[in-house]
Amino acid sequence: GAVVSQHPSWVICKSGTSVKIECRSLDFQATTMFWYRQFPKQSLMLMATSNEGSKATYEQGVEKDKFLINHASLTLSTLTVTSAHPEDSSFYICSVAHGRAPDTQYFGPGTRLTVL
Amino acid sequence: RKEVEQDPGPFNVPEGATVAFNCTYSNSASQSFFWYRQDCRKEPKLLMSVYSSGNEDGRFTAQLNRASQYISLLIRDSKLSDSATYLCVVNRGGGFKTIFGAGTRLFVKA
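In order, the protein sequence lines correspond to chains A and B.
If you're matching positions, the first sequence starts at 110 in my numbering and goes up one per residue.
If you're matching positions, the second sequence starts at 2 in my numbering and goes up one per residue.
Treat each hint with caution, since some may be false.
Straight line, CA to CA, 25 Å or less: simulated DSS-like cross-link-like pairs of lysine-lysine [what the hints assert, rightly or not]:
| id | chain 1 | residue 1 | chain 2 | residue 2 |
| --- | --- | --- | --- | --- |
| 1 | B | Lys80 | A | Lys173 |
| 2 | A | Lys150 | B | Lys80 |
| 3 | B | Lys110 | A | Lys175 |
| 4 | A | Lys150 | B | Lys98 |
| 5 | B | Lys46 | B | Lys3 |
| 6 | A | Lys173 | B | Lys110 |
| 7 | B | Lys110 | A | Lys164 |
| 8 | B | Lys110 | A | Lys150 |
| 9 | A | Lys150 | B | Lys3 |
Some residues of chain B that are not near chain A, with every Cβ distance over 12 Å (derived) [said to hold, decoys possible]:
| id | residue |
| --- | --- |
| 10 | Asn13 |
| 11 | Gly17 |
| 12 | Ser54 |
| 13 | Arg77 |
| 14 | Ala111 |
These are computed hints drawn from the structure, not numbers from a lab.
Built from N, CA and C at the ideal position, the CB exists for glycine as well.
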């Protein structure tokens, strides 16, 4: 299956700063990538669908101006958490889709964000 | 009510035990069903797809009951390495509307 990497794997930042998380598809050209967020002991929540060359589609309740997504190439999507606050502390996971079913989604290893 | 519901557990079982997890979903239009495994602080990994006819992969058996809108996962002869959180995943279809359950935690003890 596709190999997906994320960088950084963990980050600690001060409140008010912006944090950029990269998601790379290493061996597959991904026209679609997904960004999820997972709080402790909760399920993964889809934040947005990232489409190469076009604007991301955000899920209801996710602020597009706070979570900036850029999918500039077929192998890279970035998520920027702007003006991060402690409540943004979470596990952010991206996935790459091969086809139209989640069994062909390949997940990155995740990025653990802690905002102090 | 959550669209996909699972018993959070935890299930504490001895090695060699058989354990079953259930999951219910509320959207009758759901089309695809899966079980994922997630280890602590790691990404989810696909365990198996779930079909109406049922499917088996070694010690793991998955079943789907569309009429009752529930999915099950049976693990036989539990191993220590089976300790993880098991996520029930439903795809609504019509695109990539994937809904994850909150997961069921399993601890297998020696």
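Hint check against the structure, violated hint numbers in rising order: 1, 3, 6, 7
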